[in-house]
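Novice: These protein sequence lines are chains A and B, in that order. In terms of UniProt numbering, the first sequence opens at residue 1 and continues consecutively. In terms of UniProt numbering, the second sequence opens at residue 1 and continues consecutively.
Simulated from the structure, these hints should not be mistaken for lab results. For clarity, every value in this text was computed on a predicted model and none was experimentally measured. It is possible that some hints are incorrect.
As the list claims (entries may be wrong) - Straight-line distance between alpha carbons at most 30 Å, and here's what the computed BS3-like set of lysine-lysine pairs gives: (1) A:K242 with A:K184; (2) B:K149 with A:K240; (3) A:K205 with B:K333.
Stated by the list, open to error - Partial list, derived from the structure: chain A residues whose beta carbon lies under 7 Å from chain B: (4) T59; (5) S62; (6) N73; (7) M79; (8) N109; (9) P112; (10) C154; (11) N160; (12) Y163; (13) A165; (14) C183; (15) G195; (16) K206.
Even glycine gets a Cβ: it sits at the ideal position worked out from N, Cα and C.
What follows is the residue order along each chain.
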Amino acid sequence: MADSIKVPTMAEYMAEGKAPEVLFWVGCAGSFDDRAKKITRAFVKLLHKAGVDFAVLGTEESCTGDPAKRSGNEFLFQMQAAMNIEVLNGYEIKKIVTTCPHCFNTIKNEYPSLGGNYEVVHHTQFLKSLLEEGKLKVEGGKFKGKKITFHDPCYLGRANNEYEAPRELLEKLEVELVEMKRCKRNAMCCGAGGGQMFKEPEPGKKDVNVARTEQAMDVNPEIIAAGCPFCNTMLTDGVKSKEKEGSIAVMDVAEMIANAEDL
Amino acid sequence: MHIIAQVLFVIALIGGIGFFTRNIRRMTRNIKLGRESDRTDHKGERFAKMARVAMGQSKMVRRPIAGILHVIVYLGFILINIEVLEIIIDGVFGSHRVFSFLGNFYNILIAGFEILALLVLIGVILFWTRRNVVRIYRFWGNELKGWPKNDANNILYFEMVLMVLFLTMNAADHQLQLNGAPHYLLNTDMSAAFPVSNFLMPLIDGFSNSTLIIIERTAWWLHILGILFFLNYLYYSKHLHILLAFPNVFYSKLKPKGELNNLESVKKEVALMMDPNADPFAAPAEGEGEEEPEKFGASDVFDLTRVQLMNAYTCTECGRCTSECPANITGKKLSPRKIMMDTRDRLEEVGEIINKKGKYEDNGKQLLDDYISREELWACTTCNACVEACPVGIDPLSIIIEMRRYLMMEQSAAPNELAVSMTNIENNGAPWPYNQMDRLNWAQEK
């Protein structure tokens, strides 16, 4: 487990004259953020376990442009999109899976009109389909009966209407899923979207991530589950600000599944 | 005598409808100041959405108390207005209850209207109580001071008065019928038609026919004049939503909420920049490049789309958007409702200038800074909670994004840290200052 994991790149596949079933789009957070890298690694372990034929772009991957687009920098966004689409089309990519709802939304919804047409799925959707196909088995294990609440990422939920895939995975873990007062389409943002991750918040009464963490703490969970590396960071910070890091963990759904399997 | 009343009635009718038409034309003209936006695709889906959301009020009832009260007032409004048709015919021809030849069916209709009128009255009183006594938080936002607050209450008072007048009219009419007053005598027995106004009868017990006629006529006239006045009040009020909710939902966004439009003008430029064969020093082709370069994003209402401007006129200032906005909840200045109100206020200001001078002349003001501050714009997390919450399909986020585009691309006026992130994306392909060559390091780490 401590060793490096085997992660094939598209370039390697190309050199062997092969094409993988699916491209794993890692995203900036998943590549560079220490917390998010753990999610990336957990997901890769699950891909290995399920025997999925996948590859990553590695150093050829670049920011999708989501923060630029939502900050209003359409030029930078389209430059990023054009470069990424050139790479993706160059490798004749058909299907993309990503652990980041922001990358998911941008590639799925905003790349098509710029010439990038792919089947794009969020990792919770992908894991769900692996379960349905019987390629992956999930049992409760250490999470069985634990009180868990799921924080809907805006860019998976409201933005793309996916509320069920992560919940179905959690059910497979046999957890006790408790919903926050604000969940699904009424869920509250973690505070990171729209470029907020990269700037100080405007003055106010409190930070959005703290308010959201308080909403989660209202249902007394042992774990706050998330499906987005940015939400994960924001909520982890929120839990720390409440000095609850000893009793409440913030985990990605993929991490939980990998953990239950002791991967 | 009758003929004078009929003439006065026709004048009031024409005047009322004429003034309303003038204002609606002004509103349409103002909306057309915006850029064209193509929202005429998927007509079937759009009609279905309009039937569900505007007509069926499906998003209103997501907040059950306000939703159900609203459905009652909405149904009451639409159905009781069938009565207005009869009022107009009676007014023009000097007849009395011209539809009463329908007999029992007419009685059921009038009885139904009476029950609805009572329900509307109760609904409106509860609305007023929620707003002014319970003081529901979203009705006390900063942007609601002054006119918006009075406007909301005016509408409620108006509806109360109209319903009371309707019931008073029926009570006096009923008594006149019982008394056998000449003009009020009908071929049909209406005794079962007044289940609610029956309870008002003791109040007019023993009044002479002439007094009853004065009461009935006064209530009749005030009722129809009130309706005509109310019709003309709409344009100046948040109550305009009763008309615009339908087209507004029809033209609302069908695509996933997360999908922002890709600017066509930028597409061209980027394609040129990415094209290795493009000659950077080439002179523009004949007829090209002569027009003014397109402005990116929005700093004023002219830069917004017609759908966005219609959104502003449609906004009912209910504040469901603001009460869901994470920035607003945590005390930041941003309020999506205020974005919509500001857009309408600025558009009205522009419209007034056009009314006076025939065309728009710069008055030194614009939507950005004079109405909407940068601090508000930068506080948005683009989470779409406001869009989800709006019962009539308004998209405040799209205006915020257009204005951010202006700040970013025309003025390079991003908050400093955000500008740094943009530079990082440009140089390293990530918003953080990491080397793109380190992108796969996670595979080697623990």
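Novice: Determine for every hint whether it applies to the structure shown.
Specialist: Okay, the hints, checked on the actual structure:
Only pairs whose Cα atoms come within 30 Å are accepted, and K242 (chain A) paired with K184 (chain A) is accepted, the gap being roughly 24 Å. Between K149 (chain B) and K240 (chain A) the CA atoms are separated by roughly 41 Å; this puts the pair beyond 30 Å, and the hint is violated. The hinted pair formed by K205 (chain A) and K333 (chain B) meets the criterion: a straight-line CA distance of about 10 Å does not exceed 30 Å. Nearest Cβ of chain B to the Cβ of T59 (chain A): about 5 Å, under the 7 Å cut. The hint holds.
A cut of 7 Å between beta carbons decides the hint on S62 (chain A): the least distance to chain B is about 3 Å, and the hint holds. This hint holds: N73 (chain A) has a C-beta 5 Å from the nearest C-beta of chain B, less than the 7 Å allowed. Because the beta carbon of M79 (chain A) sits about 6 Å from the nearest beta carbon in chain B, less than 7 Å, this interface hint is met. Checking N109 (chain A) against chain B by beta carbon gives a least distance of about 4 Å; that is within 7 Å, so the hint holds.
Taken as an interface hint, P112 (chain A) does not check out: its beta carbon lies about 9 Å from the nearest beta carbon of chain B, beyond 7 Å. Satisfaction of the interface hint for C154 (chain A) is found here, the shortest Cβ-Cβ separation to chain B being roughly 4 Å, below the 7 Å cut-off. Because the beta carbon of N160 (chain A) sits about 5 Å from the nearest beta carbon in chain B, less than 7 Å, this interface hint is met. A cut of 7 Å between beta carbons decides the hint on Y163 (chain A): the least distance to chain B is about 12 Å, and the hint is violated.
Interface restraint check: A165 (chain A) against chain B, minimum CB-CB distance 15 Å, threshold 7 Å, status violated. Because the beta carbon of C183 (chain A) sits about 12 Å from the nearest beta carbon in chain B, more than 7 Å, this interface hint is broken. A distance limit of 7 Å between C-beta atoms decides the matter here; for G195 (chain A) the minimum to chain B is near 6 Å, and the interface restraint holds. Here the hint on K206 (chain A) is kept, as its CB sits about 5 Å from the closest CB of chain B, short of 7 Å.
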